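K.L.:
Chain by chain, the residues run as shown.
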Amino acid sequence: DTEVTQTPKHLVMGMTNKKSLKCEQHMGHRAMYWYKQKAKKPPELMFVYSYEKLSINESVPSRFSPECPNSSLLNLHLHALQPEDSALYLCASSQEPGGYEQYFGPGTRLTVT
Amino acid sequence: TQLLEQSPQFLSIQEGENLTVYCNSSSVFSSLQWYRQEPGEGPVLLVTVVTGGEVKKLKRLTFQFGDARKDSSLHITAAQPGDTGLYLCAGGGDRSNSGYALNFGKGTSLLVTP
Chain R
8 DTEVTQTPKH LVMGMTNKKS LKCEQHMGHR AMYWYKQKAK KPPELMFVYS YEKLSINESV
68 PSRFSPECPN SSLLNLHLHA LQPEDSALYL CASSQEPGGY EQYFGPGTRL TVT
Chain D
781 TQLLEQSPQF LSIQEGENLT VYCNSSSVFS SLQWYRQEPG EGPVLLVTVV TGGEVKKLKR
841 LTFQFGDARK DSSLHITAAQ PGDTGLYLCA GGGDRSNSGY ALNFGKGTSL LVTP
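Protein sequences, first through last, are from chains R and D.
Position 37 of the first sequence, counted from 1, bears residue number 44 in the numbering used here, the numbering being contiguous throughout.
Position 109 of the second sequence, counted from 1, bears residue number 889 in the numbering used here, the numbering being contiguous throughout.
Extracted from the complex, chain D is given alone in its bound form (with noise of 0.2 Å):
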């Protein structure tokens, strides 16, 4: 199993500041997820980073995938309170034709305040 470790585990801030999600391993990945998930509803994807030192932006949330594809980052400029979520990277482990079992970091609790 390839471990993912995100940091911080939690994150409480107010609206309009900004923030960064860290997503590590010590094993590469041929690609990383990025999904947000509401209580009592499942993650929705955000975002695939696939090359090493990729970045896509989405709005206000950019996302950047480390030359070594072995870590990812997600950066809030200006949070509000819709983005309070539980932010999940996500790896894969063998890609076959098995199937894609993702390994799932533990998450990052964001709770943006008005």
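So that you can see chain R by itself, here it is in the shape it has in the complex (with noise of 0.2 Å):
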């Protein structure tokens, strides 16, 4: 089973709300990652967790707050969003920190109001 499960599939929320995006998978992968897709481009690293720690954050904002509650699920707290943050989040999951290969979820479509 390589499956990477995400929640909510859509999303629309106003720029004072708080929300959160949820990843899950059960292959015992041990590096969970965050990317940010806007329309016709490619992935964007954000947040990257090894053994359920945060190793590396790429300049991402403050107003995004990543959370790793266990070695299954992967928060992405969003909190006063703009407009230009919406975009498809997705995550991914890879067997080991250094594994070549990541497998992704379906993505969340997060629209900023």
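Note that these hints are calculated values from the structure, not bench results.
Just so it is clear, the structure is predicted and the values come from calculations on it, not from any experiment.
Honestly, I wouldn't trust all of these hints.
[Said to hold, decoys possible] Keeping only pairs whose Cα atoms sit at most 30 Å apart, straight-line, the calculated DSS-like set for lysine-lysine is: (1) R:Lys48 to D:Lys837; (2) R:Lys47 to D:Lys836; (3) D:Lys839 to R:Lys47; (4) R:Lys47 to R:Lys25; (5) D:Lys836 to R:Lys29; (6) R:Lys45 to R:Lys26; (7) D:Lys836 to R:Lys16; (8) R:Lys26 to R:Lys47; (9) R:Lys25 to D:Lys850; (10) R:Lys60 to D:Lys839; (11) D:Lys836 to R:Lys26; (12) R:Lys47 to D:Lys837; (13) R:Lys29 to D:Lys839.
[Stated by the list, open to error] Examples of chain D residues lying across from chain R (beta carbon under 8 Å, computed): (14) Leu826; (15) Thr828; (16) Gly832; (17) Thr864; (18) Leu882; (19) Phe884; (20) Gly885.
No residue lacks a Cβ here, since even glycine has one placed at the ideal position from N, Cα and C.
Combine the two chains into a complex, taking the hints into account.
P.N.:
Structure, rendered in structure tokens:
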């Protein structure tokens, strides 16, 4: 089973709202990732969690706050977002932090109004 | 950041035609991955190539890693409408215990019409 699940599938939020994106994998992978993807562009790395600890933060604004409650779950907390933050947010995982292959979830389509 | 250049950026062909997509870099990669992404969905891993000169086949798709591990190609034989999507090549940055940050090419958007 190489499935990564993400909820919700779609999210519309106002600029003053607080919401969370959720990601789950049951493959025993020890690295998990958040990517942001704008239309017709490749995914851009936001965060990397390695053994449940934040190991890479690609200079992401503090209005995005990641959390890794356990080895299977990854959250992305959103607060005071801007319209330009509207995008497809992708979660991925790999067997090891140095693993070659990343498996992606279906993404959350976020619209900030 | 190791840059990956993909070409062509867009490709529109008829069902049954063959095509090749290229992924090039001036940097050496320890591995390259190819993904296919459909609109509104996440990328799906197709293949990983690791060894210079390696060729892998996945049904009608043939993947090749350059001898110097700086480039890769994806060849599709007898394309079908189901092959439509965004094809992304990706290669790793530094492989360390801190994570393996994939660098993506800009993608090739393929449309196969019946």
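K.L.:
Take the hints in turn and mark each one as holding or not.
P.N.:
Each hint tested on the structure:
This hinted pair checks out: lysine 48 (chain R) and lysine 837 (chain D) have alpha carbons roughly 27 Å apart, not beyond 30 Å. For the hint pairing lysine 47 (chain R) with lysine 836 (chain D), the CA-to-CA distance comes to about 27 Å; that is within 30 Å, so the pair holds. A distance of roughly 27 Å separates the Cα atoms of lysine 839 (chain D) and lysine 47 (chain R); the hinted pair therefore holds under the 30 Å criterion. For the given pair, lysine 47 (chain R) sits about 27 Å from lysine 25 (chain R) by alpha-carbon distance, which is consistent with the 30 Å threshold.
For the proposed pair lysine 836 (chain D) and lysine 29 (chain R), the alpha carbon gap of about 35 Å is over 30 Å, so the pair is violated. Between the alpha carbons of lysine 45 (chain R) and lysine 26 (chain R) the distance comes to roughly 20 Å, so the proposed pair stays at or under 30 Å and holds. In summary, the hint linking lysine 836 (chain D) to lysine 16 (chain R) is not supported, as the alpha carbons are separated by about 33 Å, beyond the 30 Å threshold. Proposed proximity of lysine 26 (chain R) and lysine 47 (chain R) is supported: the alpha carbons are some 25 Å apart, at most 30 Å.
Between lysine 25 (chain R) and lysine 850 (chain D) the CA atoms are separated by roughly 43 Å; this puts the pair beyond 30 Å, and the hint is violated. Under the criterion of a C-alpha separation no larger than 30 Å, the hint pairing lysine 60 (chain R) with lysine 839 (chain D) is inconsistent with the structure, at around 39 Å. Distance hint between lysine 836 (chain D) and lysine 26 (chain R) is unfulfilled; the C-alpha atoms sit about 43 Å from each other, more than 30 Å. A hinted pair counts as satisfied when its Cα atoms are at most 30 Å apart, and lysine 47 (chain R) with lysine 837 (chain D) qualifies at roughly 27 Å.
At most 30 Å may separate the alpha-carbon atoms for a hinted pair to count; lysine 29 (chain R) and lysine 839 (chain D) exceed this at roughly 34 Å. Hint status for leucine 826 (chain D): violated, given a least beta-carbon distance of 11 Å to chain R, over 8 Å. With 8 Å as the threshold, the beta carbon of threonine 828 (chain D) comes within range of chain R, its nearest partner Cβ sitting at about 5 Å, so the hint holds. Hint status for glycine 832 (chain D): violated, given a least beta-carbon distance of 15 Å to chain R, over 8 Å.
The closest approach between the C-beta of threonine 864 (chain D) and any C-beta of chain R is roughly 14 Å, which is over the 8 Å cut-off, so the hint fails. Taken as an interface hint, leucine 882 (chain D) checks out: its beta carbon lies about 6 Å from the nearest beta carbon of chain R, inside 8 Å. Nearest Cβ of chain R to the Cβ of phenylalanine 884 (chain D): about 3 Å, under the 8 Å cut. The hint holds. Here the hint on glycine 885 (chain D) is kept, as its CB sits about 7 Å from the closest CB of chain R, short of 8 Å.
Consistency note: the structure conflicts with the earlier hints numbered 5, 7, 9, 10, 11, 13, 14, 16 and 17.
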